[in-house]
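Since the structure of chain G is provided, determine the placement of chains X, P and S on it from the hints.
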Amino acid sequence: MSKTPPFICIDSLDKDFGRRKVLNGLSLDVCKGEFLTIFGPNGAGKTTLLRILSTLSGFSSGSIVIDGFEIKENPAEIREKIGFISHNLLLYKDLNAYENLRFYGKMYNIPSPENRISELLQKVELDHRKFDVVGSFSRGMQQRLSIARALLHNPEIIFLDEPFSGLDVHASGVLDDMLEDFKKGNHTLIMTTHNIEIGLAHANSVAILSGGKIVYSKRGNLPDSDDFKSIYYEYAGDKA
Amino acid sequence: MSYLRHIMALVQKDIIAELRTKEMLNSMLIFALLTMVMFNFAFGSSSAMKAVSSGLLWIAFLFASLLGLNRIFVHEKDENCLDGLMLCPIDRSAIYFSKAISSFIFLSLVEIIALPIFTIFFIQESFLSHLWLLIIILVLSNIGLSVVGTLLSAISINTKARDLMLPILFLPVIVPILVAAVKSTELVLSVSSIDTQQFWIDITVWLRTLAIYDIIFALVGFLTFEYVIEE
Amino acid sequence: MSYFEAAYFAAWLILFLYVFYIERKLAVLGRDLNHLKEVVKREKS
Amino acid sequence: MKDRVTRRLLGMASFIGIFISLYTVFRAPLDKNLGIVQKIFYIHFPVAIVPYFAFFVVFVCSILYLKTRDRKWDKIAYASAEIGLVIDTALLVTGTIFNKPTWGVWWVWEPRITTSLIMWLLYAGYLMLHFSVGDIERRPRLTAVFGIVAFISVPISFMSIRWWRTAHPLIFTPAKIALGEALDMQMWIPTLIFLASMTLFYVYLLGQRVNMINLQEEIQDLKDEIGG
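Chains as they are written, first to last, in the working numbering: chain G, 1 to 240; chain X, 1001 to 1231; chain P, 2001 to 2045; chain S, 3001 to 3228.
Hints were generated in silico from the structure; no laboratory data involved.
Do not take every clue at face value.
Unchecked claim - Below, in silico cross-link-like pairs of lysine to any residue (SDA-like), each with a Cα-Cα straight-line distance of 20 Å or less: (1) G/K218 / G/S205; (2) G/K72 / S/K3067; (3) G/K93 / X/E1079; (4) X/K1183 / X/T1196; (5) G/K32 / G/N186; (6) G/K72 / X/D1091; (7) P/K2041 / S/D3221; (8) X/K1077 / S/E3137; (9) G/K130 / G/G105; (10) G/K93 / G/I147; (11) X/K1077 / X/K1160; (12) G/K123 / G/M178; (13) G/K123 / G/R139; (14) P/K2037 / S/I3219; (15) S/K3072 / P/L2026; (16) G/K72 / G/F7; (17) X/K1022 / G/S136; (18) G/K72 / X/E1230; (19) G/K21 / G/T47; (20) S/K3223 / P/V2039.
What the hints assert, rightly or not - So, partial list: chain S residues that the calculated Cβ filter (under 8 Å) puts toward chain X: (21) L3122; (22) R3138; (23) V3149.
As the list claims (entries may be wrong) - Facing chain X, a subset of chain G residues (Cβ under 8 Å, in silico): (24) S54; (25) S57; (26) A76; (27) E80; (28) F84; (29) N88; (30) L89; (31) L90; (32) L91; (33) Y92; (34) K93; (35) D94; (36) F103; (37) M107; (38) Y108; (39) N109.
Glycine residues also receive a C-beta, built at the ideal position from the N, C-alpha and C atoms.
Bound conformation, chain G alone (with noise of 0.2 Å):
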């Protein structure tokens, strides 16, 4: 693993936020097919990490690169790449299931979009829904259809910014089978969570964010939770 250069290399990352410094000279690797959970105390700057990753928010100084591309010269190439999952919908309410993914699939410039709607559409399980208002759906077909708005373009990479937080257990058990095919599909996927048991169980490596900064990260052999809550709250506790 050490032999490839890393798909994903931030180097002394900084972000502020007016005068204050939310990402302190963080820097983190990430190998490709690596599937990296993040956790960290509520404000460390975990989603503030990843909306600076998916190229909609800016940085002080520091540098990413993704893939090869440099994040602040070529932010269209890596949007290409990446899908964006978090509890935000990200969805029109007036339009459709159908219009919601054609809108996005011609944002995206997906040559058929069709069949890649109708097969996302089965997978999330909203096939039958496909014609309805978006907002008349319920809050867990919500979310599942926008998890089938992340995926459209089949993207390399997926971040998922807290992805379970008010989940209903369909959805969840849907995302949970999708983050498997993932791990299989040689996707590299950055989580961030405070759910130790949720963060562990797909995850091939960790890092934990206090203060802005990485404070912990291991690659592979994962402890179980029970020693990881410790580690936790020996890195982040008197933060959190």
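Just chains X, P and S now, with coordinates in the frame of chain G:
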């Protein structure tokens, strides 16, 4: 080419969503008609109405456009859809132009319905011979209102008192449009009584003013919109 | 003439009030800053 | 420390300058046709130029902020907008009072005055925008964009008396300058001194105002430090 396709898809999305609810269009239209009726009560006599009719028309359209512009980014802010758009590999100015085009279309639709009603209410004689001139004035003014309004709407959506902020920012900026549109509409409405050569000189000045304004602000919007929506 | 005087009185009054506001506020802020610096020093020692 | 001394000196220099220029204004010869009323021009002209200049500074600093993301430019832009607005207010008030004896009414909807008022409204909007964006990270960007948009009013106001034939006196036209009629030398000198001292006054205010913002931030930082 994909730039144009993105803009088309964005505009199409706005139109589908709007036609499904018709919230914005209905309220804009009713508001424009209400303004006209209210003006009639405020000014009373028909001779006074005639003198100010082109001003009245534009005040009605202006406030209707304000109503629409206030809403143009609301759908994007719900459920953070703007983030969804910014995740897409599209040029950010495409979002700007698509929103400007959408508001242009909505405003024009309202005007197409409101204008004949206005004519019936306030203009007795026909100006149909110069209708095409009126259409040019409307198109140029609508472009101006949309390009400025979209940029300022994107700014005001980030403030504490969203819909209160837009008029404060928007109205003083579009004064040149209002002046040019009212003056040129006045010319068109009274065309028969004015000697033609002077008429053409005057109307060209106003139309040129509108066109220059449109170009300047389309450029300003194109160059600065990215800074407004980024984080 | 009285208009002339009134006009200039009004204009200079506005400018004077603004200068007064800035100088006054700066004095207050300077005092607060020194006070806070002392508090920080005391807490550290 | 050194900055503070410089700013004090600037303030003093601008005050002395303004007094000297007021003195020279009253020493200058009376205009043959207009009499004492013409003396208004010496003061009115320099004071009228400063807001234009201040808003131009807002425009330039807004662009510089967006290009460099240096908070310094945002502070200067904000301070300059506020100072421009205050001086513009003084100008509108003088203009209004002064309209009464010259035109017989308090307010005339004349292009220069009207466009000055619109300019005033725009920059009042600029300040309102500054206060109503709660997010400190977003605020400089939004106000910078509006600072660029609002600048449209400055050239329009400046050119207004050239574009529309109006009652507002127009001093500098090419024809008048060619004939040497614009202003004679004795009138030029007080005007230029006044202009120089008004500019100094503006720079002094700008320095103090930016200093005030810096102090406020420093205090906030210290408070956060103690609080945390």
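Have a go at the G/Y108 hint: is there a Cβ in chain X nearer than 8 Å to its own Cβ?
Because about 6 Å separates G/Y108 from the closest Cβ in chain X, which is inside the 8 Å limit, the hint holds.
Is the interface hint for G/S57 satisfied, with its Cβ closer than 8 Å to some Cβ of chain X?
holds (5 Å)
Just to be careful, I want the Cα atoms of G/K93 and X/E1079 compared with a cutoff of 20 Å; is the pair within it?
Given pair G/K93, X/E1079 holds - Cα atoms ~9 Å apart, limit 20 Å.
Does G/L90 pass the interface check with chain X, least Cβ-Cβ distance below 8 Å?
holds (3 Å)
Verify the interface restraint on G/M107: the C-beta must sit less than 8 Å from at least one C-beta of chain X.
holds (4 Å)
Identify whether the interface hint at G/D94 stands, where standing means a beta carbon of chain X within less than 8 Å of its own.
Constraint on G/D94 satisfied, holds at 4 Å.
Holds or violated: is there a CB of chain X closer than 8 Å to the CB of G/E80?
holds (5 Å)
Within 20 Å, alpha carbon to alpha carbon, are P/K2041 and S/D3221?
holds (15 Å)
With a cut-off of 20 Å on the C-alpha distance, tell me whether G/K32 and G/N186 pass.
holds (7 Å)
Between G/K72 and X/E1230, does the CA-CA distance stay at or below 20 Å?
Holds, at roughly 13 Å.
So if I understand the rule, the pair passes when the alpha-carbon distance is 20 Å or less; does G/K123 with G/M178 pass?
holds (9 Å)
Interface hint compliance - S/V3149 to chain X, C-beta minimum distance less than 8 Å
Holds. Min distance 6 Å.
Consistency with the previously given hints is maintained throughout, with no hint failing.
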